[in-house]
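Protein chains: 2
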Amino acid sequence: MNPKQQRETFRINKYTGTTSGMCDNYLQANMIMLPKEYAFEFLLFCQRNPRSCPIVDVLEAGVTHPRIAEADIRTDLPKYRIYRNGKLDKEVSDIKGEWREDFVTFLIGCSFTFEKALREEGIGLLHQEQQRVVPMYKTNIPCEKAGRFEGNMVVSMRALKPEEIDKAVAITEKFETSHGGPVHIGNPAEIGISDINHPDYGESVSFDENERTPVFWACGVTPQNVGLNVKPAIMIAHAPGHMLITDQLEEK
Amino acid sequence: MNPKQQRETFRINKYTGTTSGMCDNYLQANMIMLPKEYAFEFLLFCQRNPRSCPIVDVLEAGVTHPRIAEADIRTDLPKYRIYRNGKLDKEVSDIKGEWREDFVTFLIGCSFTFEKALREEGIGLLHQEQQRVVPMYKTNIPCEKAGRFEGNMVVSMRALKPEEIDKAVAITEKFETSHGGPVHIGNPAEIGISDINHPDYGESVSFDENERTPVFWACGVTPQNVGLNVKPAIMIAHAPGHMLITDQLEEK
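For the protein sequence lines, the chains are G and D, in the order given. Residue numbers for the first sequence, in the numbering used here: 492 to 743. Residue numbers for the second sequence, in the numbering used here: 492 to 743.
Any given hint could be a false lead.
If chains are identical, the list can't say which one is meant, so a pair holds when it fits in one copy or spans any two.
[Said to hold, decoys possible] Here are the simulated lysine-lysine pairs, DSSO-like style, with alpha carbons at most 30 Å apart:
no.: 1; residue 1: K578; residue 2: K722
no.: 2; residue 1: K636; residue 2: K505
no.: 3; residue 1: K722; residue 2: K527
no.: 4; residue 1: K636; residue 2: K495
Hint data in this document are derived by calculation from the structure and do not stem from the laboratory.
Pulled out of the complex, with its shape left as it was, chain G reads as follows (with noise of 0.2 Å):
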């Protein structure tokens, strides 16, 4: 399926599950949607956040229609989280009747936009092998503050065999708006993760830590975590793991 079919299965409610995977070379992106008046502060976390937050896309207030796909941002994602106050209020398969013009939507970029090109250099992704979403962890790595945002970044996990970083490095160091090369790779207690089986996003991915280190991205579920600190009175984002998929090739 290319994306335009692809978003049509969300629409539709055809399909909730995660994007990893999904429409090979096509950018995937994460969505963060907040009141007019966050934007000018949550634009300048992103600014200074680049590699947690690379912006590919911007919505201006009551705009439902990105300029990197041909999608309405209120249905044609698989699954939407709706926050309130600062908490998850419910997982949701389309946010119609929750949209308001006054809403200003984010596109940041996605660590699944790089998966496919380290499958065609045969590294192996056990969230897809094991049909997880992708774990997801909170660190202690500081981001920098704008405004009412401030927290700490999210990351990704890919567990790889020792062989295969180098590559991984390598190849992830080129997609520079889809967050780049790794922040660590190794022991998770260093970046203030206490149990990798239990992700804070996501789904654990078994792996035998004897075989294979694990590896991590910053992750653009950053904001989020970073969001929640604010407890805007609405606040709506993808479900982690479940992106648009744009109509943009990825940009290495």
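We have chain G; now place chain D onto it with these hints.
Just chain D, lined up with the frame of chain G:
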């Protein structure tokens, strides 16, 4: 003089002229100050137009000290322009009397930053030799719109000898946060400039058109030009050519 000493001469109004040629190796910046209600759309405008508006720092509402210069933004530029309702009201040497807590300040890279690198390669700069403010022109090159902000690019011009041009392109392309390489070389009419001897900002520089070719770089005065279309009740900017000298060494 180092940047701090040089800014002191501006603060006490000992000097109010152009900063071209001052504090070699230090990044110089365009300044634009807007009430917070415009901040999101203006930051988005910069994000969409990185060639003319490369952001080097943003001061959140009410903040008077940049992160990249130990300076007071209200006094430490040699000259300011105050625009009201889309018209130039006056030029002043400080803006202490106009300062408001809801002002957000944007600092944008400036082509003065790469002038030393040009001179070091033996490329003479006529505006410095003739002691003029570098000439700047409105063009017909459209910027990408963001919210209410739309309009055409402003460019600065340096007339070079034919044998200097390739070298100047190669040098300036490395200065990504200071506008990078030229946007146009040669015939001014092709980018909508009708009379090279009557710049829209700065001062005219004399050169022999048989011996030198005009070379144009994107200019951080673009936001002033574009901001005037929006007609904010108040907008404050540096006087063209009269920049903030930062404490940050140039980045190539």
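Please work out whether the CA atoms of K636 and K495 approach to 30 Å or closer within one copy, between two copies, in both situations, or in neither?
For K636 and K495, the Cα distance is within 30 Å only across copies (26 Å; inside one copy 36 Å).
Treating 30 Å as the Cα threshold, decide for K578 and K722: within, between, both or neither.
within (8 Å within a copy, 40 Å between copies)
Evaluate K636 and K505 at a C-alpha cut-off of 30 Å and name the case that applies: within, between, both or neither.
Answer is neither; intra-copy 40 Å and inter-copy 37 Å both fail.
Alpha-carbon proximity context of K722 and K527, limit 30 Å:
Answer is both; intra-copy 14 Å and inter-copy 21 Å each pass.
When the structure is compared with the earlier hints, a violation turns up for hint 2 alone.
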